[in-house]
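Dock chain B against the given chain A, drawing on the hints supplied.
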Amino acid sequence: AQSVTQLDSQVPVFEEAPVELRCNYSSSVSVYLFWYVQYPNQGLQLLLKYLSGSTLVKGINGFEAEFNKSQTSFHLRKPSVHISDTAEYFCAARDFNDYKLSFGAGTTVTVRA
Amino acid sequence: DSGVTQTPKHLITATGQRVTLRCSPRSGDLSVYWYQQSLDQGLQFLIQYYNGEERAKGNILERFSAQQFPDLHSELNLSSLELGDSALYFCASSLTGTDSYEQYFGPGTRLTVT
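Which chain is which? The protein sequence lines are A and B, in order. Residue numbers for the first sequence, in my numbering: 52 to 164. Residue numbers for the second sequence, in my numbering: 320 to 433.
To be clear, the hints were calculated from the coordinates, so they are not data collected in a lab. In this text, a Cβ means the ideal position worked out from N, Cα and C, and glycines have one as well. Mixed in with the good hints there might be a few duds.
Examples of chain B residues lying across from chain A (beta carbon under 7 Å, computed) [what the hints assert, rightly or not]:
id, residue
1, 362
2, 364
3, 367
4, 377
5, 421
6, 424
7, 425
Chain A on its own, in the form it takes in the complex (with noise of 0.2 Å):
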């Protein structure tokens, strides 16, 4: 089993402003590792995932997140966020062989004009 810690539960930031949130896992095996995101009232919108290879992966709507094996890190970030990035933000791990996904808390991201 793991566990996921998201460092940071409310981020303001102002449009166009860089944004990066932060997310740790610990795990005794190797993971898997995604970014959902849940707009107000809606379910979880898949940003993006890490399984294997490139450290750097990019998602949707701008976002990429990169994978830090030696400091298991799955950090978040957008070089110039909109107002409708206004959302929260959730880290998830899924151990290999595995099926359930353990979340981090959220993060809460305000996108002010």
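Below, chain B alone, put in the same frame as chain A:
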């Protein structure tokens, strides 16, 4: 739209009652997962079914049960409801299980226990 549907969207009921939440997976997906999202516990995995069989169990209370039917839709049954069961319940689906990396989430059912 993920292709996963959940009904009802909202449910308000009283303590001690029993409710059934329904989920239809994406066309072709064999695996269904249930998650609970609450303010104090966050997003937690409850249970997974694959092609009608229970595959994995998480933090699911004994008062809760689930099943997956031959047409692959799933139901989550919550009984003897308590105030603390108020939460958003998500269903997700994937093609198979361990070799399917992406889980597609439905819009959720918001349960309020009064």
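Quick rundown of the hints versus the structure:
no., hint, in the structure
1, 362, "holds (4 Å)"
2, 364, "holds (4 Å)"
3, 367, "holds (5 Å)"
4, 377, "holds (6 Å)"
5, 421, "holds (6 Å)"
6, 424, "holds (4 Å)"
7, 425, "holds (6 Å)"
The structure fails none of the hints (numbered hints given earlier).
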